[in-house]
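Participant: Next come the chains, spelled out residue by residue.
Protein chains: 2
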Amino acid sequence: MADSNNKLGYVVGVDLGGTKILAGLFDSVLGLRGTAKITTKPQRGPGAVLERVARCVRDAVDEADLTMDQLRAVGLGVPGTVDPALGQVIFAPNLGWREVALKEPLEQLLGVPVWVENDCNVAVLGVQAAELKNKPRSVLGVFIGTGIGGGFILNGELYSGAAHTAGEVGHMVLQMNGPKCGCGGRGCFEALASRTAMVQRIKTAVNGGEKTVLTEILPDLERLRSGDLRKAFLRGDKLTKTVVEDAAGYTGLALANLANLLNPEAIVLGGGIIEALGEQMLGIILQTMKEHTMPGAMTGVEVRVSTLGDHAAITGGAALAMRLTQ
Amino acid sequence: MADSNNKLGYVVGVDLGGTKILAGLFDSVLGLRGTAKITTKPQRGPGAVLERVARCVRDAVDEADLTMDQLRAVGLGVPGTVDPALGQVIFAPNLGWREVALKEPLEQLLGVPVWVENDCNVAVLGVQAAELKNKPRSVLGVFIGTGIGGGFILNGELYSGAAHTAGEVGHMVLQMNGPKCGCGGRGCFEALASRTAMVQRIKTAVNGGEKTVLTEILPDLERLRSGDLRKAFLRGDKLTKTVVEDAAGYTGLALANLANLLNPEAIVLGGGIIEALGEQMLGIILQTMKEHTMPGAMTGVEVRVSTLGDHAAITGGAALAMRLTQ
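The listed protein sequences derive, respectively, from chains A and B. When the letters of the first sequence are read in order and numbered with my numbering, they come out as residues 1 to 326. When the letters of the second sequence are read in order and numbered with my numbering, they come out as residues 327 to 652.
Source of the hints: derived by calculation from the structure; they are not laboratory data. Mixed in with the good hints there might be a few duds.
Sample of chain B residues at the chain A side, in silico, Cβ under 7 Å [unchecked claim]:
hint, residue
1, Ser464
2, Asn481
3, Met502
Heads up, the beta-carbon is just placed ideally off N, CA and C, and yes, glycines get one too.
The whole structure should be built from the sequences, with the hints applied where relevant.
Facilitator: Encoded structure:
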């Protein structure tokens, strides 16, 4: 009995990133039973990457001591614009992909239904399903790491707009004529508060002669990771503290703009920077939000650091697969 | 036959503003048959204002050569936070109202069902119904006048958020530490591109010795209206041109942020400034949007100046009344 129930329930969620693929096998109550991780190797081209995705799915199934015939469906999050109805990537700059079919070739490789979505969209679905128990009707997810992305659940549904590009919170301009952004613009949220922006500011300060323990932790600042920033922050490094606290202020301002526009029930923060420093940043984020939101826009709004960490996207992929494969 | 059809179809839309009340009687295909306008006189208190709303509704019915027993329902737009389910205003600063019941007392005064909503929300409903023929699933309305407000239709439904405060586009911060805003913040869209912001900038320039035909058109700059700005612009006034073009640039940036976040099918502009200068501003607005939107976010997006002018809210009130009174 238990077996037949579980056979109906097992799904795999996949987080396809620019450098690594993470897959997780989940049971019918979104319990994680096993994971697998391999490198993406996008330079080998889409066909090879899809084979690696399929391998990673099989590895996660095996890791959970199950077999492929017990798998019901797969949900995949991709860093880029995705057309879920066509099952293809429209544009994924980190992978170098334009108009790449995913659903059909993966279904052929795996023999089960495959659903695809933007990675921030699946991450917010994961938070909504596993962390918020599907209660709020409107949830904004904001993910701060190398870049900054977002996903919205509005009126109870994933909202991705007319051409599937909605949720680009990272390129909301907060500071006209501010620092240059990778998108070509200036003063975008991502150019102010992403890890890339923080590292850039630290490098400039160090080149200007400022002292920081970061140069002891990691001589090549270009390779700074969120965990290194956390270490330096906890050791009381002054430069790191200033840079992290400023990023928290920018984040609070961005979230205030979003709360004024969308008045959600919950705002959830995730991504590498938030995993490493979310607790340290949350006070300033909330204070800045309070200062910049309209009366009522923050009433009853829950702002939280996701507890799913880097499992948000695989959890959301699993939730998507479960929802769509009835 | 025609009469019995029409009896089912007649509705009144009301735009309740801080200074005036406008009511319009519409037939079943949203054709405007008659309007009435009176001052609001908010200083007399909510009870007196509601009696004036009822009088204005009766005047619009009479203006269309109809009688009250031919009226099916009324839809009312209010400048503030509205709880449509409870039929009350939560907060309307321009009227000085907090928690004022509207639906029930108006139904008693008028003897027909009354529906209430935020004024920008009904305005975007009006544009969607009468101008866009209910086609797009996602429409953003941005209304630029004394202040700046917005209304969103997302996934085919009016979106007003968890506490009915969504759509506050005017207080999106575009310029950290920019000019002061009436909300207490700095660098909000409203503090950069509303008529109030434009007049402020003109006054500062004139005090600094700059010449402008505006001082000939209207010696008391405090009372400048959108039409005066239009006159000065068309007469080639340099200061006015600079101020209007800068406001168009800020508007383009705000709309780019919104397009990146929400990727709508249509963005509609309205309000006093847009009625007066929309055509003059649209080129710069579109150019700035192009420069600041992500790939794909503008594909197929229609950006237009609403043709409804100051009839947007009464049309939307009528559409709301028709939709909810089946």
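Participant: What hint numbers does the structure not satisfy?
Facilitator: Violated hints: none; all satisfied.
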